[in-house]
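Enquirer: Since the structure of chain A is already known, use the hints to place chain B on it.
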Amino acid sequence: METDLTNPILDALSASDAPILASKAFPSIPSLKVKSALDRLGSRQMVDWKALEKEIVTLTKEGEEIAANGSHEAKVFAAVVAAMDGLKIADLPNIVGKDNAKVGQGNAFKRGWIKKDKDLLRASTESIVDETQQILIGVQKTKALSDAKALQDLKRRKLVSLAKEHDYEIFKGPKYAREFVKEETDLTPEMIASGSWKTTAFKSKNFNAKGAITPSGTFHPLNKVRQEFRNIFFEMGFEEMPTNRFVETGFWNFDALFVPQQHPARDLQDTFYISDPAVADGPRADAPNDPHCPKSKDGEKPLDYQEYWDNVREVHEHGKFGSIGYRYPWSADESLRLVLRTHTTSISTYMLHKLAANPRPARYFSIDRVFRNEAVDATHLAEFHQIEGVIADFGLTLGGLIGFMEVFFAKMGIHQLRFKPAYNPYTEPSMEIFGYHAGLGKWVEIGNSGMFRPEMLESMGLPKGLRVYGWGLSLERPTMIKYAVSNIRELLGHKVDLNFIESNPAVRLEKD
Amino acid sequence: MPTISVDKAALFKELGRDYTTEEFDELCFEFGIELDEDDRPIVDGVQEPPQLKIEIPANRYDLLCFEGIALMLNIFLGRVSLPEYKLTKPAKMEQIIVKEDTTKIRPYVSGAILRGVKFDQARYESFIALQDKLHQNLARARTLVSIGTHDYDTVQGPFTYDAQAPKDIKFTPLNQTQEMNGEELMNFYEKHQQLGKYLHIIRDSPVYPVIYDSKKTVCSLPPIINSDHSKISLNTTNIFIEITALDRTKLEIVNRMMVTMFSQYTSEPFTIEPVQIVSEHNNETRVTPDIAPRIAQAEVSYINQCCGLELSPAEICTKLTKMSYRAKPSSTSADIIDVEIPPTRADVLHQCDIMEDVAIAYGFNSLPRDFPQISGTIAQPLPINKLTDIVRVETAMAGWSEVMPLILCSHDENFGWLNRKDDGNTAVKLANPKTTEFQVVRTSLLPGLLKTIRENKHHSVPMKIFEVSDVAFKDMSMERKSRNERHFAAAFYGKSGGFEIVHGLLDRIMAMLKTAFITGEEGLENPAVTDSQYYIKETDDSTYFPGHAGTIHVRIGGKDQVIGSFGVLHPTVLENYELKYPVSALELNVEAFL
Chain A
1 METDLTNPIL DALSASDAPI LASKAFPSIP SLKVKSALDR LGSRQMVDWK
51 ALEKEIVTLT KEGEEIAANG SHEAKVFAAV VAAMDGLKIA DLPNIVGKDN
101 AKVGQGNAFK RGWIKKDKDL LRASTESIVD ETQQILIGVQ KTKALSDAKA
151 LQDLKRRKLV SLAKEHDYEI FKGPKYAREF VKEETDLTPE MIASGSWKTT
201 AFKSKNFNAK GAITPSGTFH PLNKVRQEFR NIFFEMGFEE MPTNRFVETG
251 FWNFDALFVP QQHPARDLQD TFYISDPAVA DGPRADAPND PHCPKSKDGE
301 KPLDYQEYWD NVREVHEHGK FGSIGYRYPW SADESLRLVL RTHTTSISTY
351 MLHKLAANPR PARYFSIDRV FRNEAVDATH LAEFHQIEGV IADFGLTLGG
401 LIGFMEVFFA KMGIHQLRFK PAYNPYTEPS MEIFGYHAGL GKWVEIGNSG
451 MFRPEMLESM GLPKGLRVYG WGLSLERPTM IKYAVSNIRE LLGHKVDLNF
501 IESNPAVRLE KD
Chain B
1 MPTISVDKAA LFKELGRDYT TEEFDELCFE FGIELDEDDR PIVDGVQEPP
51 QLKIEIPANR YDLLCFEGIA LMLNIFLGRV SLPEYKLTKP AKMEQIIVKE
101 DTTKIRPYVS GAILRGVKFD QARYESFIAL QDKLHQNLAR ARTLVSIGTH
151 DYDTVQGPFT YDAQAPKDIK FTPLNQTQEM NGEELMNFYE KHQQLGKYLH
201 IIRDSPVYPV IYDSKKTVCS LPPIINSDHS KISLNTTNIF IEITALDRTK
251 LEIVNRMMVT MFSQYTSEPF TIEPVQIVSE HNNETRVTPD IAPRIAQAEV
301 SYINQCCGLE LSPAEICTKL TKMSYRAKPS STSADIIDVE IPPTRADVLH
351 QCDIMEDVAI AYGFNSLPRD FPQISGTIAQ PLPINKLTDI VRVETAMAGW
401 SEVMPLILCS HDENFGWLNR KDDGNTAVKL ANPKTTEFQV VRTSLLPGLL
451 KTIRENKHHS VPMKIFEVSD VAFKDMSMER KSRNERHFAA AFYGKSGGFE
501 IVHGLLDRIM AMLKTAFITG EEGLENPAVT DSQYYIKETD DSTYFPGHAG
551 TIHVRIGGKD QVIGSFGVLH PTVLENYELK YPVSALELNV EAFL
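As given, the protein sequences belong to chains A and B, one line each in that order. Going letter by letter, the first sequence gives residues 1 to 512 in full-length UniProt numbering. Going letter by letter, the second sequence gives residues 1 to 594 in full-length UniProt numbering.
Bound conformation, chain A alone (with noise of 0.2 Å):
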């Protein structure tokens, strides 16, 4: 290295234990490379360094010229002086140069210096001092002017100009030594094997830089937030429901939950239909071999689905278990009709049916895509996913729905709660969940929840004391609130920025 400045700066401290300024010792090295050798120092806690600003007076190149050669005027003088017996005006620019001639003679008779006699210049005085050479040799000395009248004069006749000086008042370190030791950034294996580590003096490493990119596989952020989901599900003692199926019947996802035919959300406009396969079979019994469905287990009475589809006939078109129903022909085909489900209750009330084989306490939960024929816009896609819970017991009250949501919503860190009535037609008490977002300073609408009707939940033969609840919400919209995605298509969706994907942090519901 030329000039590694690292030893001299320490051998400059050495003499005493008083600071030096780098201005003062090293007078001619550029403060960067002062700076980088003191960085260096300084990294080892060498020495201790103060940085120091101040402005500085420097001459232009005329003014350099000036201040060795003299002044405009001054060259004026003393061709003026050495012509003797006066000089004729128009030869001066040929002595002393046309730049010269044309500054220094004003300036000359404005001093008196030189007086006009016709066509001649004459000395008015004997000898001058040349007082813009005097200052600007003392400028080039100190750097400085401190009359300020000068220094603006100067300025304007561009003789001299402003800077900023950066200079160092350096101090010895607690771990000053008079020996900068070169240093190694890594340990190896040799000086391992060698045992040279022991003396060798490491470099620290950067800490204010990042480090080399990890490459790293990554969950999408929907799933991450879906799998704290489960967990609380889990943790609550809740089973996965079977929901890997999206085509339903409209008995299945509408018939069955007490969705009377002519509801709006039955129509072409929410709802899609398939129109290939056509036509469905009426609800019956699983397949033996089917590996998805929950096995029935012994001594559980055989399910009778010609009841359960006449039952649902009946509570529709004339009333049955206590309810005077909707009262409208019900029509078979319309049963029969293929959709995409637009809920998964459509599998919640697959599985409270298997119920009713041995009717007995239940928790169930799914988390999974549902499809909507809706106009695609920001807060709106054709699919989403329902986060859904289902539980059934005996003697269960409104008061212990509101309760366990408390608990549920608690462990996503949702302490305010309150329930507005509403309505939906497989469940009554219908209750929507409004939560208290402190972010937002309101109150947001966060789920839907009720007790499953008994129209629906005695149809299939469940035990008029055996009540349901049931909530659900979207899983898009918690996530886009918690992690302020104003558009649901940048979470669902090829359209969906990798570079997100990549970058989402850890979900932790409770926390976040």
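Possibly wrong hints are sitting among the right ones.
Straight-line Cα separation of at most 20 Å, EDC-like style, residue types lysine to aspartate or glutamate; simulated pairs [as the list claims (entries may be wrong)]:
(1) A:Lys320 to B:Glu23
(2) A:Lys442 to B:Glu23
(3) A:Lys143 to A:Glu65
(4) A:Lys172 to A:Asp39
In short, the hints are calculated from the structure, not lab data.
Expert: This is chain B only, laid out in the frame that chain A set:
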């Protein structure tokens, strides 16, 4: 859910006090309606009176107009009780005589007369708006039920409800000047912004429903339009209401809503003049409207158990009064309450509805809270989801990024763009998508992965993405004629080297699923560990580049099956998906490992 706009000042006057937005919002919240907006609309540069926009539950038809909201809130607040609606006993009852031909198009009719109505601008507009809301909601855009209202003094009963050939029906429609027949009327209104959308309900029928008065004057052509002759105005005092329908239940609900909401403006408030429907051919002869309350019984124990309360029968009755019922403890049983369900409450079907109203009157947020006891349920994941998580975790740990494309896609994306042919027995097809983006349920995860790459060209290469999710296939052996299948797919997008990397991912996943690699030459690798093995065979598959693709075979329990394929995608596939670099992809069915 329907949204109703009401005049703020008028509503607060009805409620007897002013409310701040917060106070009114709170009242709505407790009652179960939702204050959407507290609005001061400017129409054509003019400041309109402040409006409240209120969202109404879809089954509360009695809240679809100003009159109903004001009444039900006043009852809820305990300021008034439900009015006693009465039918008058006219000396000669008005009649609608129904002809049998109406069974061919719109078989049911109902009617009522309101006498001595005093309209002002607001009431008149509300009267029109309620009909509109009922038409849109309960009546399913007039398909099921439609309402015609007439100035009774311009027509002469008895009326006839008939169905006739379009050409034989001649009249001047509402607010028109020229007479036209049914056919001409269809053409005339074809492009009409409001009415055009209702024409389809009867247009192709050989007969159209029509209501005549005794002088053969057309009153209306349901469900399209009334005649200009009998139109109502601000000055109308006697109103004849006729309602036609396909659905008898909704027909009577609509009639009850119309008369209960607007009988408060009749000269003797809350009285309604009935109309006799003469309909012998289908045994529908009767007097309408039926405004008698429905008598029902509710169990005290059921209500208390569901709500978690211990209210006395008398207390329950008091709560029910706030929700517009009349109720009293039964004289025969201590556990029974006799409930009169008013004609306004069409939503009450079962005692669970009555129970809910007790809870609302008590206040959902005041109910005693407890926690349902844990009845020994056992948490467990769905087996296929547990298996899925193993594959997801291993793939992500191997450095791949999980993506989540849509399940619906276009037919081309699923077939043609992958150089695949649709044999008609594979994919589930949608009947009514709004865009071509959603024509089929995917049968492969590849389209979603390729679209994700296409939309992420700003990302550095290589891109390594994967998905483990369901596809669906048509399956005529199933009740729902289809089945889902859990697939795993991964795609590598980069300048070179993808094939080996995807192959390596396959090997890794197989190893993690305890499935050993076997080839013809090398024989079994570690056969003692597992009875699950896999091997790969070169395949000729038009999705892939020739010679650069293989099928994945597993042998589990001695049984061989093909579970998927992998390879370098064919350049024409890349072109279809607008991709510039080679893609190596892998897709397999994970269900074999269940």
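Enquirer: With reference to the structure, classify each hint as holding or not holding.
Expert: Hints, verified against the model:
Under the criterion of a C-alpha separation no larger than 20 Å, the hint pairing Lys320 of chain A with Glu23 of chain B is inconsistent with the structure, at around 41 Å. Between the alpha carbons of Lys442 of chain A and Glu23 of chain B the distance comes to roughly 15 Å, so the proposed pair stays at or under 20 Å and holds. For the given pair, Lys143 of chain A sits about 16 Å from Glu65 of chain A by alpha-carbon distance, which is consistent with the 20 Å threshold. For a cut-off of 20 Å, the pair hint linking Lys172 of chain A to Asp39 of chain A stands: about 14 Å separates their Cα positions.
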